[in-house]
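Start from the sequences and build out the full structure, keeping to the hints where you can.
Number of protein chains: 2
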Amino acid sequence: MSTIVVEVMPKAELLDPAGKAVAGALARLGKSEFTAVRIGKRFELTVDGEVTDAVLAEAQKLADDMLSNSVIEDVVRVYVAETTAAGSAS
Amino acid sequence: MSTIVVEVMPKAELLDPAGKAVAGALARLGKSEFTAVRIGKRFELTVDGEVTDAVLAEAQKLADDMLSNSVIEDVVRVYVAETTAAGSAS
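In order, the protein sequence lines correspond to chains A and B.
FYI, the numbering for the first sequence is 1 to 90, going by my numbering.
FYI, the numbering for the second sequence is 1 to 90, going by my numbering.
Where hints are given, some of them may not hold.
Unchecked claim - Here are the computed lysine-lysine pairs in the DSS-like style, where the Cα-Cα straight-line distance is at most 27 Å:
id	chain 1	residue 1	chain 2	residue 2
1	B	11	A	41
2	B	31	A	20
3	A	61	A	11
4	B	61	A	61
5	B	61	A	20
6	A	31	A	11
Derived from the structure by calculation, the hints contain no laboratory data.
Please read all numbers here as calculations on a predicted model, not as lab measurements.
This is the structure in structure tokens:
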């Protein structure tokens, strides 16, 4: 069993209010070393068996079409990971 | 300017209804190669200047205390990335 990870972040030119709120909270707590925070998504797609090039291409297509909203989000990366937090979700 | 990435996923023993919904949609679309989907979060913390060991340790602590809910989520990874989608969020 393999896992494909898809990373999606809000576009750089977008405001991301949730990230701004976290950054504001950090500033109030005196953590001034962190100047900005942005919050995106991380999908784990579980694949039974091997991840072939075709499956990875399919995952890339899904990432662009379904898992991200291309108006406001960018797909940062699609890659094959070791099995992590996925698994018991069948 | 550097970026620290924090990856947070729902715990494996948790249901993750949003991920289940995506997995169901994929199944209905005939994408049977993907057997499960889990949806977590990806934080980008922007750091002015170098990421020292102290800053990385601080980020790890923040990840455990503030950016994740340890009852339902696991911090998968905290690492230093090249500057990506963050940046113009100052």
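Structure-based check of each hint:
1. The suggested pairing of residue 11 of chain B with residue 41 of chain A holds, with an alpha-carbon distance near 15 Å, which does not exceed 27 Å.
2. Restraint check for residue 31 of chain B and residue 20 of chain A: not satisfied, since their Cα atoms lie roughly 36 Å apart, outside the 27 Å limit.
3. At roughly 18 Å between alpha-carbon atoms, residue 61 of chain A and residue 11 of chain A fall within 27 Å of each other, so this suggested pair holds.
4. A distance of roughly 35 Å separates the Cα atoms of residue 61 of chain B and residue 61 of chain A; the hinted pair therefore is violated under the 27 Å criterion.
5. Among the hinted pairs, residue 61 of chain B with residue 20 of chain A is consistent with the structure: their alpha-carbon atoms are about 19 Å apart, no more than 27 Å.
6. About 25 Å separates the Cα atoms of residue 31 of chain A and residue 11 of chain A, which keeps this hinted pair within 27 Å; it holds.
Violation of the numbered hints given earlier is confined to hints 2 and 4; the remaining hints are satisfied by the structure.
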